[in-house]
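**Q** Let the sequences and hints guide you as you build the complete structure.
Each residue of the sequence shown is one higher than the one before, counting from 0 in numbering that gives the first Met the number 0.
Note that these hints are calculated values from the structure, not bench results.
These numbers come from a predicted model, not from an experiment.
Quick reminder that beta carbons are idealized off the backbone N, C-alpha and C, glycines included.
Straight-line alpha carbon distances no greater than 27 Å define the calculated DSS-like cross-link-like pairs of lysine-lysine that follow:
hint	residue 1	residue 2
1	Lys132	Lys67
2	Lys132	Lys152
3	Lys20	Lys67
4	Lys67	Lys26
5	Lys26	Lys132
Beta-carbon label-pair distances, calculated as ranges:
hint	residue 1	residue 2	range
6	Asn69	Glu238	29 to 35 Å
7	Gly129	Glu27	16 to 22 Å
8	Ser118	Ser199	20 to 26 Å
9	Glu242	Glu80	40 to 46 Å
10	Glu182	Leu84	30 to 36 Å
11	Asp56	Leu153	31 to 37 Å
12	Glu27	Arg142	29 to 35 Å
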Amino acid sequence: MRVCCAQLIQVWDDVDAAFAKADVFLKEYSGTADIVVFSEQFATGWRPAPAPVSAEDVKCRWLALAAKHNVCVVGSYQKVEAGGLPQNTMLVCGPSGEVIAEYSKMYLFVPGKEDRCFSPGARPVTFEYGGVKFGCAICFDLRFPELFRAYLKLGCECVLVQAAWPAARVADWELLLRARALENRGFVFGAACMGYDPASGTDYCGRSMVCDYEGRVICDGGVFEGGCSGEVDVDGVREMRREWGMRV
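**A** Have a look at this one:
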């Protein structure tokens, strides 16, 4: 099972341009990956505000891209529940254009006022694809080890993380990805955007990473656009967990 993190310069508030970039990326990488993971709210760029576009439109575009390129695509959108605030939601799209899973961010970024504009997700979400069981996480979730321990207990061999991570805290990003992988003896893939948001004055770090079950960085996207990929070694995860007495 090969997973690729799409590391791209974020396009702000231009959905057409963002999906055009995603389309070009998938054309290049879909033939060499089973799953392609895009960064947090890639369609519009992460901001603590409701998206200026229809949630259904964004969702349908992700599903259409997955079907077009015949690959599992992990995108995102602002899921709207009747009478409530939107949720920051990961969308796992199957290669036939079907919804495999949806996960809404449980731990909202309070310092960035995300909690004022979004409602939190209620529970962890897992899905199985290609013989691997995956867990889902979004950005600030990475700082909460209890979520990742829940995924261990649910039998996940790998967790996919979408992020818009500030360059000012890039050291935290690497440390936390490696820690979550090591402490649970599983793979963690972190897909992060790059670029500068003129509205907030924030630089985003890139540095998408693949960390294995020993906490080693086996791929680092650096600060360049492109794919950051790795193989999920399920047998290695299971053997390591047996050796360390980590019962699932």
